[in-house]
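There are 2 protein chains.
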Amino acid sequence: MNKKVDVSPIRYFNDTIRLLGEGGLLLVSGNEKKANVMTIGWGLPGRLWAKPFFLVAVRPSRYTFQFIEDTGSFTVNVPTGDMKEILNYCGTVSGREHDKFKEKGLTLLPGRKVSSPVIAECAVHYECKVAFKTKVVPVSLPSEVLSTFYPRGDYHTLYFGEVLACYADEDAENKL
Amino acid sequence: MNKKVDVSPIRYFNDTIRLLGEGGLLLVSGNEKKANVMTIGWGLPGRLWAKPFFLVAVRPSRYTFQFIEDTGSFTVNVPTGDMKEILNYCGTVSGREHDKFKEKGLTLLPGRKVSSPVIAECAVHYECKVAFKTKVVPVSLPSEVLSTFYPRGDYHTLYFGEVLACYADEDAENKL
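Residue numbers (the numbering used here), protein chains in the order written: chain Z, 1316 to 1491; chain Y, 1316 to 1491.
Source of the hints: derived by calculation from the structure; they are not laboratory data. All figures in this text were calculated on a predicted structure; none of them were measured in a lab. Worth double-checking, as some hints may not be accurate.
No distinction is drawn between identical chains; accordingly, a pair holds when it is met within one copy or between any pair of copies.
As a list, the in silico BS3-like pairs of lysine-lysine whose alpha-carbon atoms are at most 25 Å apart [as the list claims (entries may be wrong)]: (1) K1419 x K1450; (2) K1366 x K1399; (3) K1450 x K1366; (4) K1448 x K1349; (5) K1366 x K1448; (6) K1348 x K1419; (7) K1318 x K1399; (8) K1448 x K1417; (9) K1490 x K1319; (10) K1318 x K1419.
Take the sequences, apply the hints, and build the full model.
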């Protein structure tokens, strides 16, 4: 097992944002008994209320949605370069029908500060506690965003997660 | 005048987020005739709706607020290392009583894609068009956030700005 060391939450923001657009990141929510993972291609890391934050967007139809609602927490896991097929799979099938962790041989480690676990095989981990959430409301969205992403509604909830812990493989920067 | 070259919006995200916590960034909104600048210490750059985005938070009491409401745009300007005193000044006095650009010798350049101008002396520039906005509502905030940041209400509006243009001094990375 790779040794995970604490890092500043801003240490890997650049790679994290870059990888959002190149295959995605793995969003996990739940607890030690039951959790789900989904691939995300959107997200906003940064600073808010004088703390490090990570905003993620999840549609109510997603299986992950209720886990975040129930636990008030999630983790963002930055995959290594050789996990592209896993990213594709976790963004395609639903946890309602598949145990994606088992099927893809992903190892869950307990969260250090939140109930949601992290994925051991990933290189960088953000543990987030939801401090604020808001729903995308169609009235103020540009029409091209509405027609492209919301033809059937299912508007995202935007979760503002305070980053309570951030850690990474010691050699994370060689793996991203 | 420094030559400004187009860069990928993610090129300077790391420095941008780091500097949010070390003196801040300069937020500008308005047009060529009238604009204002304020220092921000919070912000979330990233990806949303398949585009680069920059979220900023502005209280309704701020002079900048109405400029963003009126123009639907803002720019985020990343200062050089020698602008700390300017950052401090622009975060202390209000544009209602002070022409901060004039008083601090800041040069405005017209926005390339939005009405809001940028500050020539800064090293990196994000031009943003507001695609979505939402107000912080107290009911779902942690009590320590409420008591620390909202003892008198004045809840921030969160502006989600699509980054329509991003450019920087050719030697920006030596100046940040």
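Which numbered hints fail:
Per hint list: 1, 8 violated.
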